[in-house]
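In order, the protein sequences belong to chains A and B.
The opening position of the first sequence corresponds to residue 5 in this note's numbering, with each subsequent residue numbered one higher.
The opening position of the second sequence corresponds to residue 35 in this note's numbering, with each subsequent residue numbered one higher.
The reader is advised that the hints may include incorrect statements.
[What the hints assert, rightly or not] A few chain A residues that face chain B, going by a derived Cβ cut-off under 8 angstroms, partial list only:
{"no.": "1", "residue": "THR10"}
{"no.": "2", "residue": "ARG36"}
{"no.": "3", "residue": "GLU38"}
{"no.": "4", "residue": "VAL42"}
{"no.": "5", "residue": "ILE43"}
{"no.": "6", "residue": "ARG49"}
{"no.": "7", "residue": "ALA56"}
{"no.": "8", "residue": "ILE59"}
{"no.": "9", "residue": "GLY90"}
{"no.": "10", "residue": "GLY91"}
{"no.": "11", "residue": "GLU92"}
[Unchecked claim] Straight-line alpha carbon distances no greater than 20 angstroms define the calculated SDA-like cross-link-like pairs of lysine to any residue that follow:
{"no.": "12", "chain 1": "B", "residue 1": "LYS285", "chain 2": "B", "residue 2": "LEU257"}
{"no.": "13", "chain 1": "A", "residue 1": "LYS29", "chain 2": "B", "residue 2": "ILE125"}
{"no.": "14", "chain 1": "A", "residue 1": "LYS29", "chain 2": "B", "residue 2": "SER123"}
[Stated by the list, open to error] Across the chosen pairs, the derived CB separations fall in these ranges:
{"no.": "15", "chain 1": "B", "residue 1": "ASP81", "chain 2": "A", "residue 2": "ARG130", "range": "45 to 53 angstroms"}
{"no.": "16", "chain 1": "B", "residue 1": "ALA317", "chain 2": "A", "residue 2": "THR143", "range": "43 to 51 angstroms"}
{"no.": "17", "chain 1": "B", "residue 1": "GLY255", "chain 2": "A", "residue 2": "THR143", "range": "46 to 54 angstroms"}
{"no.": "18", "chain 1": "B", "residue 1": "PRO312", "chain 2": "A", "residue 2": "THR143", "range": "42 to 50 angstroms"}
{"no.": "19", "chain 1": "B", "residue 1": "SER123", "chain 2": "A", "residue 2": "GLY142", "range": "26 to 34 angstroms"}
{"no.": "20", "chain 1": "B", "residue 1": "GLY82", "chain 2": "A", "residue 2": "ARG84", "range": "33 to 41 angstroms"}
{"no.": "21", "chain 1": "A", "residue 1": "GLN87", "chain 2": "B", "residue 2": "GLN77", "range": "32 to 40 angstroms"}
{"no.": "22", "chain 1": "A", "residue 1": "LEU21", "chain 2": "B", "residue 2": "LYS285", "range": "41 to 49 angstroms"}
{"no.": "23", "chain 1": "A", "residue 1": "ALA126", "chain 2": "B", "residue 2": "SER286", "range": "56 to 64 angstroms"}
{"no.": "24", "chain 1": "B", "residue 1": "ARG195", "chain 2": "A", "residue 2": "ALA74", "range": "40 to 48 angstroms"}
{"no.": "25", "chain 1": "B", "residue 1": "GLY288", "chain 2": "A", "residue 2": "ARG84", "range": "47 to 55 angstroms"}
{"no.": "26", "chain 1": "B", "residue 1": "SER286", "chain 2": "A", "residue 2": "ALA74", "range": "54 to 62 angstroms"}
It should be emphasised that the hints constitute simulated quantities derived from the structure, not laboratory data.
Since the structure is predicted, the reported quantities are computational estimates derived from the model, not experimental observations.
Quick reminder that beta carbons are idealized off the backbone N, C-alpha and C, glycines included.
Each chain is listed here by its residues.
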Amino acid sequence: MEEQQTPYRVLIGKPGLDGHDRGAKFIARALRDEGFEVIYTGIRRTAAEIAATAIQEDVDAVGLSSLSGAHLRLFPEVIRELQTRGGEDIPVLGGGVIPDEDIQQLLEAGLSAIFTSGTPAAAIIRSFTEACRKHCDGTNM
Amino acid sequence: MAPTCSKLLAGVRRQDPRAIGRAISAVENNSESAADILSALDQEAIDGVLVLGITGPPGAGKSTLTSSMIRALRKEKNRVGIIAIDPSSPISGGAILGDRIRMMEHALDPDVVLRSMATRGRLGGLCASAGAAVRIMAAAGCQIIIIETVGVGQSEMDIVRLADITLMVLAPGFGDDIQAMKAGLLEVADLLIINKSDLPGAEALCMEMEQIFRDKQEKDGILRVVQTIAAQHQGIDQLLATLNALAFHLKSTGIQEERRHKALNAETLDWIFEILRPHFIKAMNTKPERKEPRIRAQELIHEFTTTEHPE
Numbered sequence: 005m006e007e008q009q010t011p012y013r014v015l016i017g018k019p020g021l022d023g024h025d026r027g028a029k030f031i032a033r034a035l036r037d038e039g040f041e042v043i044y045t046g047i048r049r050t051a052a053e054i055a056a057t058a059i060q061e062d063v064d065a066v067g068l069s070s071l072s073g074a075h076l077r078l079f080p081e082v083i084r085e086l087q088t089r090g091g092e093d094i095p096v097l098g099g100g101v102i103p104d105e106d107i108q109q110l111l112e113a114g115l116s117a118i119f120t121s122g123t124p125a126a127a128i129i130r131s132f133t134e135a136c137r138k139h140c141d142g143t144n145m
Numbered sequence: 035m036a037p038t039c040s041k042l043l044a045g046v047r048r049q050d051p052r053a054i055g056r057a058i059s060a061v062e063n064n065s066e067s068a069a070d071i072l073s074a075l076d077q078e079a080i081d082g083v084l085v086l087g088i089t090g091p092p093g094a095g096k097s098t099l100t101s102s103m104i105r106a107l108r109k110e111k112n113r114v115g116i117i118a119i120d121p122s123s124p125i126s127g128g129a130i131l132g133d134r135i136r137m138m139e140h141a142l143d144p145d146v147v148l149r150s151m152a153t154r155g156r157l158g159g160l161c162a163s164a165g166a167a168v169r170i171m172a173a174a175g176c177q178i179i180i181i182e183t184v185g186v187g188q189s190e191m192d193i194v195r196l197a198d199i200t201l202m203v204l205a206p207g208f209g210d211d212i213q214a215m216k217a218g219l220l221e222v223a224d225l226l227i228i229n230k231s232d233l234p235g236a237e238a239l240c241m242e243m244e245q246i247f248r249d250k251q252e253k254d255g256i257l258r259v260v261q262t263i264a265a266q267h268q269g270i271d272q273l274l275a276t277l278n279a280l281a282f283h284l285k286s287t288g289i290q291e292e293r294r295h296k297a298l299n300a301e302t303l304d305w306i307f308e309i310l311r312p313h314f315i316k317a318m319n320t321k322p323e324r325k326e327p328r329i330r331a332q333e334l335i336h337e338f339t340t341t342e343h344p345e
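Put together the whole structure using the sequences plus the hints.
As structure tokens, this is what we get:
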């Protein structure tokens, strides 16, 4: 019998207008199967809604999915919304249909990691684990 | 008290969402600051809050109903707290907490404080976490707090006992009244809601339930079965009026006081297990033995009570 470790809490959300949530749901399930507690907000959320939810739920990381091509606007907007609500320490990870040339730009805008359709699930989970661990170490009370 | 802890408490009093979220996490994770946080909360606010428990089978419309109730309560300027509980996977320990999907219209309302909570597979512990979250939300100015949980299994039923008033949500198409009578689901309910009442079979279900609740209803004259179509916000006004009548009744007859007393005892017992669990897990791991578990438990307890413990 092992002593129970506190599960990491993450939010998975879809900002913007596209309704294709297969990827988001796949990641939500994969994270659950790795022992994460996943708050799922569903499709068509504003950046403000996602940030407000992340703060209320006190998550260790936010995962965003976008397949509409609006990621360059939407992902950094979530980061800004988190900042205005005092959640600048919460890491944001993003995935979806994202051209190679946009990845660097998103990382520079403060995204912790970017995944594309080619990223293996194990690598995505590793990134979330890493981001959550770092966040927990930084905010331990 | 650590400075981070007093800052957190000041934040809770200021109704700062970040502080409320962090305080609930600290308690849920049983971190060192938990006791300091809980002992410094405003007792008057806690006494004044009304706690509603909403339970029922998956798909009956609990989250949609909760969302519709929040909308109506907000119209009356109430500050509302919600604790939405979903089960953890017994295999991975993870969980998908999806009750929010139906409540997103309130995401940007600063007077709707919503927290999702996973059962974390513990028999005890959940009561303690949810009860503590109720008090933190009350201290953060919430006047009405709704605990929403799937009504299957013992730990979920225990959670509902934290509530002043328990609402059971049913919908037509979930089997006959015998299903609903199983497992004591109906015994714990103060009020029964037939949701999706525009669906075929609602009328028959309603009549069956009224039959079951007739005794309770005749005793105090308060309606016990209410029909709603939560997705269309129908029947919610009547539901709230009934809740008001029930709340007044429970308070004036002293039943609420008695329930709270029992709930606090249940939570205390939960904390006892929570606090002792790590000691005993450690003791078992350091001294593996193949013995009849009951005997071994007695020995471990004896050992625990006769040795000195720091703290």
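Handout entry: Residue hint ILE59/A, partner chain B, criterion CB-CB below 8 angstroms
Key = The hint holds - ILE59/A has a Cβ within 8 angstroms of chain B, the shortest such distance being about 5 angstroms.
Exercise for the section: Under 8 angstroms, Cβ to Cβ, is where ARG49/A needs to be relative to chain B, so tell me if that hint holds or is violated. Expected result: Where the cut-off is 8 angstroms and the nearest Cβ of chain B is about 7 angstroms from ARG49/A, the hint holds.
Handout entry: Hinted contact GLY90/A with chain B - closest CB pair below 8 angstroms
Key = Since chain B brings a Cβ to about 5 angstroms from GLY90/A, closer than 8 angstroms, the hint holds.
Practice task
Hold the hint about ILE43/A up to the distance rule: shortest CB distance to chain B must be less than 8 angstroms.
Solution key: This interface hint holds because 5 angstroms falls under the 8 angstroms limit.
Handout entry: C-beta pair ARG195/B, ALA74/A: status relative to the range 40 to 48 angstroms that was hinted
Key = This hint holds: roughly 47 angstroms between Cβ atoms.
Handout entry: Beta-carbon spacing of ALA126/A to SER286/B - inside the hinted bounds 56 to 64 angstroms or not
Key = Given about 60 angstroms between the Cβ atoms, the range holds.
Problem - ARG36/A as chain B interface residue, shortest Cβ-Cβ below 8 angstroms - result: Hint holds; ARG36/A Cβ to chain B Cβ min 4 angstroms, cut 8 angstroms.
Exercise for the section: Classify the hint on GLY91/A as holds or violated, based on whether any CB of chain B lies nearer than 8 angstroms to its CB. Expected result: holds (7 angstroms)
Exercise for the section: Take a look at whether the Cβ-Cβ distance between GLY255/B and THR143/A falls inside 46 to 54 angstroms. Expected result: This hint holds: roughly 53 angstroms between Cβ atoms.
Exercise for the section: Below or equal to 20 angstroms on CA atoms is what counts here, so check LYS285/B against LEU257/B. Expected result: Within the cut-off at roughly 17 angstroms; holds.
Practice task
Could you say whether the range 54 to 62 angstroms given as a hint is met by the Cβ separation of SER286/B and ALA74/A?
Solution key: Holds: the Cβ-Cβ distance is about 56 angstroms, inside 54 to 62 angstroms.
Problem - GLU92/A as chain B interface residue, shortest Cβ-Cβ below 8 angstroms - result: Where the cut-off is 8 angstroms and the nearest Cβ of chain B is about 11 angstroms from GLU92/A, the hint is violated.
Of the numbered hints given earlier, the model fails hints 11, 16, 18; all others are met.
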